[in-house]
Structures are given as C-alpha cells and as structure tokens.
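Work out the full structure: start from the sequences and follow the hints.
Those sequence lines, one after another, are chains Y, P, X and B.
So for the first sequence, our numbering puts the first residue at 1; every next one is plus one.
So for the second sequence, our numbering puts the first residue at 1; every next one is plus one.
So for the third sequence, our numbering puts the first residue at 1; every next one is plus one.
So for the fourth sequence, our numbering puts the first residue at 1; every next one is plus one.
Any given hint might turn out to be false.
Calculated lysine to any residue pairs in the SDA-like style (CA-CA distance at most 25 angstroms, straight line) [stated by the list, open to error]:
1) Y:162 with B:92
2) Y:25 with B:87
3) Y:162 with B:16
4) B:98 with Y:3
5) Y:86 with B:100
6) Y:3 with B:48
7) Y:3 with B:74
8) B:98 with P:618
9) P:586 with X:422
10) B:29 with B:100
11) Y:81 with B:92
12) P:76 with X:52
13) Y:81 with B:48
14) P:590 with X:361
15) Y:81 with P:30
16) Y:25 with B:99
17) Y:162 with B:87
18) X:212 with X:491
19) Y:162 with B:77
20) Y:25 with B:74
21) P:26 with X:370
22) X:212 with X:276
23) Y:25 with P:30
24) X:370 with P:30
What the hints contain is simulated information worked out from the structure, not anything from laboratory work.
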Amino acid sequence: MEKIIFYILAVMMIVFAITAVTSRKMLRSVIYLLFVLCGVAGIFFLIDYNFLAAIQLTVYAGGIIVLIIFSVLLVHHIELKLDMAKPIRQIITAIGCLIGIGVFLTTIYSYPFKVVENSNITTTAQIGSKLLGYGEGGFILPFEVISVVLLAAMIGAIVIAKGKKLSDKNEETI
Amino acid sequence: MDISYIILVPFIPLAVFILLGLFNQKIKPAVSGYIGVLGLLVSSSLSFYAAYQYFFVSGKMDGVYQTFIEKAVWMKFTETLQIDMGILVDPISVMMLVVVSVVSLMVHIYSRGYMKGDDGYTRFFSFLSLFTFSMYGLVLATNLFQIYIFWELVGVSSFLLIGYYYTKPSAVAAAKKAFIVTRFADFGFLVGILIVGFTTGTFDFETLNAVSPEGGSLLLNWASTSFMGLSVITWALILIFMGGAGKSAMLPFHIWLPDAMEGPTPVSALIHAATMVVAGVFLVARLFPMFYFVEDGFALNIVAYVGAISSLFAAIIAITQNDIKRVLAFSTMSQLGYMMLALGVSGYEGHEGLGYMASMFHLFTHAMFKALLFLGAGSVIHAVHSNYLKDMGGLRKYMPITNITFLIASLAIAGVPPFAGFWSKDEILVAAFENNILIYCSSVFVAGLTAFYMFRIYFGIFWSKEKAYDHAPKESPLSMTFPLLFLALLSIVVGFIPFSEFVTSDKIGFEAHLNYPLAAIATTVGLIGIVLAWAFYKKENSLSDKYANAFGALYRWAYDKFYFDEIYLFITKNIIFKWISAPFAKFDRKYVDGTMVGIGNKTVWTSEKIKGLQSGRVQDYAFSFIAGAVVLALVFIYLWTN
Amino acid sequence: MDILSLFIIVPILTVVALVFSKTLERSRVIAMIGSIIQAAMAINLVFAYLKERAVNDDIMVFTKDVVWFKNFNIHYNIGVDGISVALLALTAIVVLAGVFISWKMKELPKEFFISLIVLSLGVYGVFISIDLFTLFVFFEIAVIPMYLLIGIWGSGPREYSAMKLTLMLMGASAILLVGILGIYFNSNADGGPLTFNILDIAQVNIPIAAQKLFFPLVFVGFAVISALFPFHTWSPDGHASAPTAVSMLHAGVLMKLGGYGVFRVAMYLLPAGALHWSWFFIILAAFGVVYGAFAAIKQTDLKYINAYASVSHLGLVLFALLTLNKIAWNGAMIQSLSHGLLTALFFALIGMIYGRTHTRDVAKLGGMMKILPFIGAIYVITGLAYLGLPGFSGFVAEMNIFVGAFQQPDMFNRILTIIVVSSIVVTAVYILRLVGKVMMGPLLINEVTDLPKATWYEKTGLLLLMIPVIAIGVVPFWLSDIIMKSLEPFIQGVL
Amino acid sequence: MIEGISIYEILTLTTILFFVGVYGFLTRKNLISILISIEMILNASVVNFVVINKYLYPDMLQGVLFSIFIIAVAAAETALAVAIIINLYRQISSVEVKDTEVMKY
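Here it is, written out as structure tokens:
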C-alpha cells in the first residue's frame, strides 16, 4: 500500500516538477510547484515525520507559494507568456542534467547504505527538546541564529520592498 | 739627467687653456692673446733648454743617447698591464718638442695679428693652447695608451679648430669629416693597442722597443702566433699604422686633410702642416724597432709603399688645385708620404738607418718651411680675402716680405740647395735609392712635381697678372711678418744641422755624407719643375690650359681628387646612412618594437575575446559551475573505477 | 641611526615634508634641501667607507640586519661595498641635479617632487640591500613612480609611453621574481635554512641545473631595465615622453639598476649559469652596442638619439659584465657611473633646449652655440665625453672594458670585442652629427635671435654633473681602486 | 521507513527532482521562475536529509532539525528575493534576467 502511494507521489512530483520548470505561464508553474511541495510533504508523512510534513505544508505550501503568487501577480500579467532559453541551450542543459543524474545515481547505487530497520515514531516534543537543548547534541545556538536571520530577513525584505524609486541622478550607481 | 722640469712644458699650455676656457667671456681679447703667447714662450724656452741639455750636455752616455723616463701609474689593469702617465725623453721626443715649440710659438704670435677683431679671439687661443698641450703630451708619451689618449686629444683640438667658424656649414662638415675619418683610423689603432697589450702584457714603449734580431724579447715570442698568414704582432702593427695613416693623411685616409683647410690659416699651419699630421710619422718612428724586427719588417714595407703611393698621388692632385690652401694641403700629404716612405725603407743600425734619420730630418725641416708656406698663404689670404688663385696675381709689389719668405719656403720645399728641404730630401732619396729603386724613381718624380706645383702657385700669387682688387692689398702687420721672417731664417739654416749626429734609429750618431750624383739628379729635376712653372705661370698665358686639355681625362681625375671624396660620400651617405642606419632604425620601430607592442595588443585582444565569459549572468556562471562539477565528478569516477 | 638606513629615512622624511608643503616655492625648496642632504650623506658615505675599508676586510661594511618577515627568513639586511658606494653617490648627484633642473616645474610640483624622491628612495634601497627580497621590493618601488612621472608630467603620447615602459619593466620584474624565488628555494643546497641573504647564498653551491635554469631569468629580468636588445624599445618612447628630470633620473640612475643587479645577483649567485649562458647574452649585448649606435644615427628627435645611445652604452656595460673579466667589470662599473652622469647631462641639456625652442627635432635646430653659449659649450663637452674623449669618464670606462674584454683568449670574445670597439666610430658619427647640426652651423630658428640664457639653477645642475665626469676622467685610479677592491670577492666567486 | 521502498528509490527521486530544478535554474529567463527552481532544489535536499536520517540513523534527529533550518532559511530567502524582485520591477519594470545584466565587466 505505502509502496503504491510512494510511487504515485514520486511520479506526480517528477511530472509536476518538469512542468513547473517548462511551463510558459508564470502562475501555472507556481501552482505546479505547489504540487511538488505537497508531494514532498506526502513523503514526510510516509516516513512518519508528521511534524516536518506539517511544517512543509504550512511554510512552503502555505507561506512561500502565497508569497510567490503575490509577487507574480504584482509584476506580471496573467496571460504573459514567458520567453524561454534558446532550444540549443535547453538541449545542452538537459543533456548536462541527464549526465548529472547518471553520475549521481551511479554513485548512489554503488554505495552500500547501512540501512537500519526501524519503525520509530518521532514526536514533536522530541524535536522541540532537541531544538532547545543546550546540552550534548542540543541545537539552541543554531536555533537562535536562525531566529535572528529570519528577523533580519523580514526587516530586510520590508526595507527593500518599500525602497523608493531611484532618481535619474543616481543612475550611475546601478 | 734631471727631466722633471719637462713636465711643465705641457702643463703650462694646459693651464692657459683652462684659464682662457673658463673665463672666456670675461677676458679681453688682447689680454688673452698675450696670455697665450706668454705661456707658450715659457714652454718653448723650457723645451729649448731641454733640447740643449739633452743633445749637448747630459743626454749622451758612451756615445749613445739615453732614454729618460719619469712616470706615474694612471690606471692599473693587472699586475703588469697598466696605463702610465709620464714623460719619455729621447732624441725624437726632444726633437719634436723643439718642432712643436717653434711652430706653435710662431703661430701664436702670428694669430695675434691674423685673428684680430674676430669674435672668438679668446676661444681661438684657448683651443690653440689645448692643442699645444695635447701635442706636447703626445710626443712625450711613455706608452701606447698615453699616446692614444693625447692622439684623441689632438684630434679633438683639430676638430674644434677646424670648426672654429662654426656658423659656416662647410667648416662644420670639414670638422666632422676630419674627426670621423681619423676616428675610424683610430679604431684600428685602438685594436692594435689592445692586441699588443694582450700579447705582450705591456704598453710601455721601452719594453716594447727592446727588441733585438737575436730574439728572446717578449715580443718575438708572440710574433710566431699567426693569424691569417701573418703574426699577431704584425697585424697589430698594421692596425697601429692605420691609426698613424689616419692622422698623417695617408692614402686612403687623406680625404679629411684638404677639407680641414676650412679652419683659420694659422691652424692649418700649426696642426695640419707642421705638428699634428706628423704624429703618424712620429708613431711609426716611435715603434720603429718593432716595425723593423717583427717578421722582417713586413709592416714596415706596407709603410713604405703607402707612403710612396700617397706622396705621388698627392703631388699629382696638387698640380691641379686652384685653392692655394688646398695645394698646400696636398703638398703636406705628399711630404708626409716622403717621411713615411723614408721610414719604410730604413734599416736599423748606423748608416743602414739613414732612412729613419732622413725621415726625422725631413719632418723637422718640413715643419719649418711648410708652416712658413701656410703662414705666408695666410698673409696673402688676409690681404686679398680669397683662397683662390684666380683672385691673386702680381702681389710681389704690395707684399714684399711675404713674397720673399714665400719664395724661400718654395725653394726649400722644391729641394734647391742650400735651403733646408734640399738636405733632408736628399737623405731620403739616398735611403730610397739604396733600398728600393722603384720607390726611389717615384720619389724623384714627386720631387719634380713638388717644385712645379709650388712654383705654380708662387708665380700665380706673386707674379702673373695683377687682378682688380677691391682695395689695394697691403703688407701684413709686424705680428704676422715677424713669424714669417723668423721661419724663413730657419728654413735656410736648419738644413745645415748635422742631424745624423743626434737623431738615429739606434741612438748612436753617425756621419752622413752628401751623395753628389743623387743630389744632382734631384736638384736638376727640381729645377726643371721650377722652369716649367716659370714658363707656364709667370705670365698669364694659355699654355697651362692647353696642356691640361692634352691630359684630358687624367687632368679631370686629378682635379676631382680621383673621386675619393665621392667614394667616401657614397660610403657614408649610402652605405652607412641608407643601408645600415635607416634599416636598423626602421627594423627597430617596426619589428623589435612591433613585437613588443604586438604582445601588448594581443593581450588586449585576448581579453576582449574572453571578457564575454564574465557576463554577469548568474545562470551562465551556474551553468559552468555545474558543468564543471559534473565533469570533475566524471573524472573522479573514472579515476576511482580504474 | 646607522649611516645607511639614513638613505631610506631621509627620503621618507622629505616626502612627508613635501606632503605638508603648501606652495610651489616651498615644495621645491624642501625637495632641494632633501636632496642636498642626500648628496651630503652620499659624500660622507664615500669618505666613511674609505675609512672603514682600511680596517675592515668584509665584503660588505656598515651592515645591519633586522628580521623583517620571519616565516620566509626575509631580513632588512643592508650593507655596502665600493660599487654600491659609488652608485649611491651617483644617484645622489643625479637626484640633486634633477631637482635643480625641474626648478620651474609648474604642474603639480608637489606631487612631482614626491614621486621623484620616492624613486630615488627605491634606487638607494636597491644599492644598499643585501637581502634579495628586500632588494626586489626596492626595485619595484623604484619602477612604479616612473609610471606616474611619465603619465602625468610627460609630453607627447605619454600614456602610451608610460604604459609601455611600466608594462615591460613589470614583465621583466615578474621574470626576475621567478628567478629570485628559484635562487631562494635552492639556497639550502648545503643543508642550511632557506635564505635570501646574498652573501650567504654565495657560499652555497646552488645545483648546476638550477643555475642554468634561473640565470637567464634573473639576467633578463635585470637586463631589461638596462635596455638589453631586443627588450629596449620602452626606452626611446619612455625617454621621449618623460619630463626632463625624469629622463635624467631614469637613464642616469634607474637603468643602472640593471647592470648592478646582473652583477650582484645573476653573476654572483649563479656563476655556473653565467658561464653557461654568457655566450648567448654576450652576442645580444654586443649586437645591442652596435645596433643602438647605428639606430641613433638615423633618429631626428634629440631624445630618441639619446635613448638609442643609451642602448648602445648600456649594452657595453652588459657586454663587459658578460666577459667575466675583472678589468672589464671594473670598466662596466665605471661605465655605469659615466653613462649615468653623461646621459643625465644630455637629457638636462635637451630639456633646456626644448624649454627654449619648443622643438627637439634635429632638422629644426641649428647654431644654438651662438645664442646659448653656456649650454652650447656644455653640450659640446658632453658630446665629446660621450664619444669617449680622454680626460672624461667615458674614455676610462671604455678602455677598461676593451682591455678587459680583450684579455679573454678565445677568438669568439676577441671578435665580439672588435665589433664592440667599432662602436666608438659610429658613436662619433652620431654625436658629431648632433653637435654639428644643433650647436654649430647657421642659426635655423629664424625668428629667434635671442633666447634666455642659462639660469643659476640650470648652471648648478649642469656643473654638478660635469665635475664628476671630469674628475673620473682625469684621476680614474681613485675610483678604480674603490671598485677594484670590491670586485675581488665577486670575481673569485665566478672564476 | 516506507515499506517496500528502499533508500535507493527515494534518493533517485530526489536526484531527479534536484536536476529538474537545476535545469529550470539554467534555462528560465525570469527571476520568479528561477526562484521556483531554487525552491525545488532546496526541497530535494531537504528530503535527502530527512530520508537519510530516517533510514540510516533513526535514533538521531539531526537530519530533521537541519531540514527545519533549511525550510526556515528558504522562507527567509524567498521573502528577500520577492522583495528584491518587486523593488527591481519598480525600477526597471521588468523581472527578466537579461534586463539585469549590469553586473558584468
């Protein structure tokens, strides 16, 4: 059962990922991305990381996608078709990416992972105590840092987004 | 014998030069003339005293004239090889001291009148002093390098004095020519010195001349090292003679001498007749033992032939020239050829060394009468303001003293007894007769030619038809006539000096006798020349033109100096300037510089080409990054799997 | 404070003082005072050296050693021998004369004098350094201001010339740096620590293969600044564009660094390399001598003539160094001094003529002697000294070189020597052509009959340079003694 | 653990996802599309972290925690990027890459 769900998810993710990067309509490609992100959340569910899946859904699907959609709506006409790179470049890139996939997969498949059979359930409480733990293996410092980064990013985003239009005099500073 | 006071002889003119040179603008002309004459008077007195001391009091020991040397190290190369500065007193240097002193003093006195009112009066006297200093230094030199040093200094004084009228392009050109041609000859001289210095390890005349036919001297050890069929030392001697030929205007380095007449006439008298031009002869005489002993005098033979050919060549040209100073210049060259050939045919000891002695004797007498001729010519030029024969004639009425003195000098040079030239020339002819009959015949012929061209200009100037002068020519002032009279007196008496007692190749005096048959032949030939000249030129007539036409092409060639000037012009203008310098300069700009600039341009070009890579598009960077990463990964996988 | 470090400190202080000076008047007075102090120090150094040398037999005297950068064993290590002392004195004289000659510099005088003093600082540094790395640093300090001096105060295509000059010299420096590092990394061949100290390295037997590899690099690196054929083309353009004082300093002093470096570093530290390569470079040098002289004949710009003449005369220095002979080396050092003084004189005179007539074209000048008697007389004397007239320094130098070069017994060297000797004729041709054309002959600038006479500062500058020329020419043994003694250890190292 | 699915399948999936993202990043000409591609790449790596944590070191939580950090950073990054895009659009009225090439030379 889980196996089938995984394969469905996988196929869905790959298809939507490809359509997301090839679609010529901006908004559509954002929506396709949303599906990919949901697929990732599905995989998190499958491996029993419910908390993570929740975060994925709320932050990514809920927050980031909305943000992107807003920006798309602000800067684009819905019907605008995006221009793509030259076909030759697309082909070369595609070939490069395929070779990359090949390289990665050979590496992965030639490496004997020592898989530990388990069915542990990770609770949110565990994650929380780990995040805030300051003893052995605690992540309090990165946690704090990331908080500050988020704050800074937020302030920065506001400042940048509201920044005034450059006057002609400052043209040369670009 | 104490010779230290002789050091003062060159240094007084040097002091005068520095004084006049530094305060050129501040000294009144009259004063500078007096300073110059006075300085030289002191030097001359010292020289005469030295000559008297050397020849009559203390120079002789056991019948041999001793060599006195006083020197100090000037520059040290190795333990043995060094350049000294000093004075060397032996018969020829003392004799040269006298020659330089007499002529220079007379010229100084003469110049006070001749150069009067000239802008650069002080400059003129300072240069004269510089020259006199250098010439004294040259004749007193103790080693090859010292002689080379003063050799260059007389060259530069000559340059400065020829170019004295520096605003005149012809004078500048002549000065340049004189310097460059002699410099070219000096190049040979220098290489010769280097060879000698290396092979023998010394520059000293004393050591070098200590050669004897028995061998054993350091020189002969090297004489066996051969290069292109001749010994190294012979090559060195030939090269040194090249330097001498340059200064003494021997063929083919003679071309500067006629042009040098652009200088003021006193300069011509001093430098280009009496003193500097005999430096080449002096040099050969100085190294005579080397020339004579190394490889059986091969180099000496060259000297003889070059001298003989030059003397004949110059005499032929002299007949055709119309500028009186040029005639005198070619005459000088011809007489220098005489001296050279006399050295060339000379032997070494006793009467064998007659040529050597005759050469020095002729040098001595020639200095007197040739200086007189030049000063006389200067006096004439002063009066008529022209160098050309066509502007002169009938001057004997206006300039009696000049006339008489010029006549005396002409007789002297023509070899009419009892004037000075007769005695010395006779010795030369005897020496030539005894050694090389071919050279003897040519010399006799030259003697006739000499008489002819000298009397051609004498009659042309003082007799002939009177020309229309702007203002009546008048006799020169006393300052100019006094040297004329004095030198005329000398031209009469110096021939009676028993020269062979004093100056000989082995420094042992011998008694020379007049060889009556030979003397008679020479005198007869001279007289024939004079008579011919009298017939041609005493009255203005067309006889000369007729004969000139008869000779046709030969006359033209001689008139154009056998086109030597053109050859030189071709070499300098075409070969050096056009075929060497210009291509070099162009090559430098176009290829050498072009390569360097090209490297720069290629760099710019390359960077223009590759700057597109730095496009500023992050995607492009990412593309290269990922492609690179993939390639690297592939490489590593390949490496690991193998 | 030791006597040598003063040569670094005084220029620095002068520069600092110049930075704070406000007016033209003040800055040139400061520059003058600074360079007079330098000259005084140089003269003092000469006498101090003579005194020290009498009691001290070390190769270098007045040494001082301060660790500068420990990791690579770089020291601020200074000391002098006779050669350095002579060259230091030359530098001080030329700098002083240069300051006098640029007395009337109008454009940005303060910056000009600063650059000039910095340049001299670099040159002093090179001459006193015993440490290779320090030497290289000072070498670069000396080269860089040239760019500014030509690029800002030059004339004609100055950016081009400045760029060309700097790029070529920098390129050479790059090669040189490789060579120096090569020496450095081979300096422990005998087991000691890696060192930059020249005296220490000289005691080490650097492997022959390394010497053969690095000698050309070091030689070319230094020789480019001495205008070795075919790397000389920066010199005509650079000199033609440079302002007078800069030409003087550059040709007079900076180009001497090449010969000095070749001698001190390439020859001394890599003797086997020198022996192995000398045949090749000696051909280049000898060719350069004749080539420069011939090329000079055909030039029409006074400065170009001089630049090519420098190629010829400095070729002679390199030639002499490569003959590996003590006499010739002595000659090379004297030639360095002599050429420095004479070229500086020439450039100063050209600057004066140019300043008055606004042309450097030989064809347009003539008869200057009549209207500029002092400058004319000095010009003629300089010309005569340049072509090697006895009584002037050039003759002494050339004769040492020729005699020395001729001591090498093999035919190859002999023939090259004779070729090189022939340059004295060609030199005479171009010098006399110049003198005859510019100084003598009829006056060509028709409208001009009267030009400003030489001023006191010009006369001072000229005489400052002229006096040593005559002094060396008349009493060469004095200088020769100083140099010869210092050559001993070097010649022993090489042969 | 997903039953019947080994770690290899999941890693294959993420690899494909990653390279699709790369492909998008390299070929799209629009800043927002590039942002989308970057999100995809980030997600692929997040999944990797989590999966490797789960399959190989089930007793630890490092992978999970790092995923959380990545998600946080991604959120911050997206916010900033969107801000920049909007600002850029205001100034040059375009979000095409070709119009923002003033960074070169």
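Quick rundown of the hints versus the structure:
no., hint, result
1, Y:162 with B:92, "holds, 15 angstroms"
2, Y:25 with B:87, "holds, 22 angstroms"
3, Y:162 with B:16, "violated, 38 angstroms"
4, B:98 with Y:3, "violated, 45 angstroms"
5, Y:86 with B:100, "holds, 18 angstroms"
6, Y:3 with B:48, "holds, 18 angstroms"
7, Y:3 with B:74, "violated, 30 angstroms"
8, B:98 with P:618, "holds, 11 angstroms"
9, P:586 with X:422, "holds, 22 angstroms"
10, B:29 with B:100, "holds, 11 angstroms"
11, Y:81 with B:92, "holds, 19 angstroms"
12, P:76 with X:52, "holds, 23 angstroms"
13, Y:81 with B:48, "violated, 34 angstroms"
14, P:590 with X:361, "holds, 21 angstroms"
15, Y:81 with P:30, "violated, 107 angstroms"
16, Y:25 with B:99, "holds, 19 angstroms"
17, Y:162 with B:87, "holds, 7 angstroms"
18, X:212 with X:491, "holds, 19 angstroms"
19, Y:162 with B:77, "holds, 17 angstroms"
20, Y:25 with B:74, "holds, 23 angstroms"
21, P:26 with X:370, "holds, 17 angstroms"
22, X:212 with X:276, "holds, 7 angstroms"
23, Y:25 with P:30, "violated, 110 angstroms"
24, X:370 with P:30, "holds, 22 angstroms"
Of the hints listed earlier, those the structure fails to meet are numbers 3, 4, 7, 13, 15 and 23, in rising order.
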